[in-house]
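Q: Got chain A sorted already, so can you dock chains B, C and D onto it with the hints?
Residues per chain, in single letters:
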Amino acid sequence: MDWQTVAGQLFPQGHDIVEHDNFLSGSAQVAGQEVAIIGTTGHTPIGIEIALAQAKAVLTTVQQHPGRPILILVDTQGQRLRHRDEMLGINSYMAHLGKCIDLARRQGHTVIGLVYDQALSGGFITSGLIASACYALPQATIRVMGLPAMARITKVAEERLTELAKDNPVFAPGPENYLRMGGLHGIWADDLAGQLARALAQANQDDQRMALGQERGGRLLAQPVVDAIRTGSDVRPA
Amino acid sequence: MSQAEGRWTTQQSNRSARLARVQAALGGALDGKVVQASHIVELLNAVLEPGDRVCLEGNNQKQADFLGKALTRVDTGRVHGLHMLLSVLSLPEHLDVFEKGIASKLDFSFSGPQAGRLAKLAQSGKLNIGAIHTYLELFARYFIDLTPRVSLVAAEMADRDGNLYTGPNTEDTPAIAEATAFKSGIVIAQVNQVVDKLPRIDIPGDWVGYVVQSPTPYYIEPLFTRDPAQISEIQVLMAMMAIKGIYAEYEIERLNHGIGFDTAAIELLLPTYAAELGLKGKIARHWALNPHPALIPAIEAGFVESVHSFGSELGMENYIRARPDVFFVGPDGSMRSNRAFCQAAGHYACDMFIGSTLQIDLQGNSSTATLGRIAGFGGAPNMGADARGRRHPSKAWLKAGQQAREGRNMIPRGQKLVVQMVETFREHMAPAFVEKLDAWQLAEQANMAIPPVMIYGDDVTHILTEEGIANLLLCRSDEEREQAIRGVAGYTPVGMGRDKRMVENLRDRGIIRRPEDLGIDKRRATRDLLAAKNMKGLVRASGGLYEPPKRFRNW
Amino acid sequence: MSSYLELTARQRIPAVFDPGSFEEFLPPSARVASPHLAQLDSPVSFDDGVVVGRARLGGHTVFGAAQEGGFMGGAVGEVHGAKLVGMLRRAIDERAHAVLLLLESGGVRLHEANAGLIAVSEVMRAMLDVRAAGIPVIAVVGGANGCFGGMGIAARCANTVIMSEEGRLAMSGPEVIETASGVEEFDSRDRALVWRTTGGKHRYLLGDCQMLVADEAQAFRDAALAAIAAIRDPRLTLDELLAEQAMLTRRLDSTAGLQEPMDIWKGLGIDDPARVPMLDADAFLQLAAQHRAGVATGER
Amino acid sequence: METLNYRFDGGDRSLAGMPQLVGVVGSGNLEVLVEPAPLKGACEIEVRTAAVGFGATWQAVMADFHARWRLADARISINDMGATPAVVSLRLDQAVESLLPPASGGPA
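Protein chains in written order, with my numbering: chain A, 1 to 238; chain B, 1 to 555; chain C, 1 to 300; chain D, 1 to 108.
The shape of chain A in the complex, shown without the other chains (with noise of 0.2 Å):
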């Protein structure tokens, strides 16, 4: 879905979001609350340039709107794959990134994250996945890779991996299986403009990712795992 598509269901009252090279900012009224939106779009790749202008945005927020919420609006084939992007640091670009978007939540702001199209690998990591809560729409893609390319580094057949794939959320791609996992917090069929109410009404600053994967069935030793350590007990899976 194109983003003018779904900034349109999100906000029917009008936004001003506008697109530079791929890059989304913007805001807009959600519930009689002022949102800033950033994101990206056109599947664009995270490279060392839009991950500096999203952080930059998210500075702005921080900085002249305290306390303001935040979504993400996620569409990107993941990080851009270049020599001078590595050379210059893109992972402490991303970091980053993903820094000042941990700030703003601690400053109060809520931050929501938003896959409308497309989230794949490094690009999910430090834009969604950092948010106080991920959401998706159904006909998102979600992976980290594409099963061809994961046969070929874990050597394991493609047909095995399909079959696997069907029914065990690790490998598989798709909102479904990250909702499952916990990596969405919830999966927006329709009423965009009311789910994302209703997400800043509930969003919580801590990490419940392991436990909604644990009660969604989608990771189950996850959290075990976690409170066997924090409780010097041994992992009792559920």
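Hints in this document: simulated from the structure, not taken from any laboratory.
All C-beta atoms in this analysis are idealised placements derived from N, C-alpha and C, irrespective of residue type, glycine included.
Incorrect hints may have been included.
Below, simulated BS3-like cross-link-like pairs (lysine-lysine); rule was C-alpha separation at most 30 Å, straight line [claimed, not checked]: (1) C/K266 with B/K550; (2) A/K155 with B/K120; (3) B/K282 with B/K533.
To give a feel for the contact side, a few chain D residues facing chain C, derived at Cβ under 10 Å [unchecked claim]: (4) L4; (5) N5; (6) V25; (7) D80.
Derived CB-CB ranges, DEER-like [said to hold, decoys possible]: (8) A/H43 with B/P113: 53 to 59 Å; (9) C/A133 with B/T216: 56 to 62 Å; (10) C/G134 with A/H43: 38 to 44 Å; (11) B/A17 with C/S181: 50 to 56 Å; (12) A/A149 with C/A230: 41 to 47 Å.
A: Same frame as chain A, but now just chains B, C and D:
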């Protein structure tokens, strides 16, 4: 010229005719002996005749790649059915000429990376293999019955008179050029640079017909660089066993090493473990060896007195230049290698060859052949064979000969030590010891007259594995040999098939020696014994003179 | 003098922390291995490739982790990530003096890709939680496999990154870039270029790592002690991030059009950048002191 | 993957101390976990290996290992990624050496 005279100068007349064709075809593109790169195919079209024996300089390391590529573009109407002579066939274009019908027959020595494709072409009938040689055999035949009509060689620089500077990687060039030039053939050289004055002359200009400056420097492969970071604890243990159980035992002063990590580990243990055993000045003093970077610490520690080389090694140029007491360098300061001389030296002047292999059978025959690939031999069989023509004595040679003859009614003579060093299992649990070599099956598939054996069992004197050393010199029957081999074959099926009682008996007689029999504490076999643990350690040991190729650096 | 790079994760712990002080959480005998590898016919490890626990460093209680680069490249799966998160949360529970992470990882473990991706983001957030609790987080990158992918991002969420020249810190590995964009874009076999692009010296000159040490376990230990002692307030602040924004913007602007790390070094005022790779750590630090790009992190 | 189990009786040397893990599950390598365990004097070994079909080799390597160390009340667990017998024996020896009381010396 009278008819009678002409009868004995057909080759010279033919040569003159070729030169005249070139003059006519190239005209202004020819400046004395110097041909413009853009006219190289025209040159070859004019020089070559159907059925010519053409030697293309593909060496173990440097490659006449520009000329090789040009040869694939000749006019097949004029040039076809060539008989190619290559010591090393390693570039795709070396086989492209057969696919295109430009050449049809091949005599060679080693094929390495092209071995699989070579096997397919041979099977399809597009390529007819004369024979697979060792280096020395092939060079020898250049002077007997395989003399090239035209040779395509590579050098670093030429001057306008056609004098060539081959620099450190002289390798095969002198043998090829001499055989060609003195039998009325034509030598064409690709060079990286045409200059006014050469640093030194390696090939005289009147042996050389034409010179062409290639658009890019010739391809060269750093074949002898082994990153010490990849040496395993097991290899350190085996190196300790080699030093204590063989080098010290026979006081081996003159030797040749294979190119694997096993022998790199030995080189790196000389300044530590061997020095600790008081062996400095007693072993490993004179070498027939490429300039192995792994040998730097031993050289710096004063172990090594001299090294003569088959070829050079990328990155070692400045180090060699700074150590002329050790290496063979010209008045210009750069090294001169020579594969033919070094092979002869390795065969006749060394007391030991030690190297690794892929498969050993119960007779001790050792092979690196793999199914579906015709890889050839290179130089190992010349190194790893008893030099039966040798007469001059040395301690090691005499002791080996004496062990082999003890208790038999034989006239005294020496013997070369030929050591095969191998872990009982390779990667993916492939056993190094087998009942029957894959070479047999390969010979059948490829219609070879004999299985391609790298080192014959009757030349092998010692087999060294992580389990121990089997001294085959001391075996007195085929059965003893077989059990000695089984006795160091570990947990391979061959090893588990040993006669335990007999193996223990061989151990009592010192024919099999385990690490503990040699007084080696296995717990000391750690990487801490290596004089350099990584590439940077080698650079440091060289005082910054060694400059490893970029693919070997992690800085 | 023992090489840090050559040690396993389990050998690094006693070499860096006070000897004998380490108590491991969920040790190998607990056999908490990955539940996902068996179905891919891939072997498991009893610690899932990471050692986590509580130790002492210079007498203080410091929590720590060491990733094992030899097991699946140190990649993060469900259990591996949860062990890191559990240790980080317990460090907060017990008000640790500091957390020291010995990182060596290719990032997300593709054999359990979705779990790994989420886990890496959880590790990042947990690291920032630790810092928000007033506890310094130090990341060490000196293993043979480097620190890539999501863990390359996570490393830069620490207060201080300590590297050796041999360590590599980046996002995508050179092979991945070569596969995606061609050998002209990044020749992964040119290891010298790989290290110029991602290695410790380059990262130090750019300001992405704060301390550079020789590849010796003792040097890493000393650096970790010094790093912890130097941090006054480990919490993330707006000022720090504004300074980082400025540094990263300057970096972009000042390197416009440059493709070769040595050109960047030259731009920093290093006259003979070609000799940088061969300098040992001390000589390099001396040279770098006058030329390093400005840094803004928690310890200032 | 293949799982192999071995049990040896008649050992007489007991382990002291905490469980020890040596080695890494990387290509051509393995991890060995050695723990004291009340096994009525036996030494039990479980091997999980990526290299299928080498049961006889493992059997021989383990039998020699037991002959060398004669461990009693010991549980050994192995995750293997195609290590050669030489590496297996080396890791086993390293693991046991780290757990035997200092006075008890080397292999028998």
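Q: The structure should be examined with respect to each hint, and the outcome stated for every one.
A: Hints, verified against the model:
Restraint check for C/K266 and B/K550: satisfied, since their Cα atoms lie roughly 20 Å apart, inside the 30 Å limit. Distance restraint check for A/K155 and B/K120: the Cα-Cα separation of roughly 28 Å lies within the 30 Å cut-off, and the hinted pair is therefore satisfied. Between the alpha carbons of B/K282 and B/K533 the distance comes to roughly 25 Å, so the proposed pair stays at or under 30 Å and holds. Violation of the interface hint for D/L4 is found here, the shortest Cβ-Cβ separation to chain C being roughly 13 Å, above the 10 Å cut-off.
Given hint, D/N5 at the interface with chain C, is violated; its Cβ is 16 Å from that chain's nearest Cβ, farther than 10 Å. The interface hint given for D/V25 holds, since its Cβ lies 4 Å from the closest Cβ of chain C, which is under the 10 Å cut-off. The beta carbon of D/D80 comes within 7 Å of a beta carbon in chain C, closer than 10 Å, and the hint placing it at the interface holds. In this structure the supplied range 53 to 59 Å is violated for A/H43 paired with B/P113, their Cβ-Cβ distance being about 40 Å.
As the Cβ distance of C/A133 to B/T216 is approximately 60 Å, the hint placing it in 56 to 62 Å holds. At about 40 Å, the beta-carbon gap between C/G134 and A/H43 stays in the expected band of 38 to 44 Å. Evaluation of the 50 to 56 Å hint for B/A17 and C/S181 yields a pass: the beta carbon distance comes to about 54 Å. In this structure the hint that A/A149 and C/A230 lie 41 to 47 Å apart at CB holds, the actual value being about 42 Å.
The earlier numbered hints that this structure contradicts are 4, 5 and 8.
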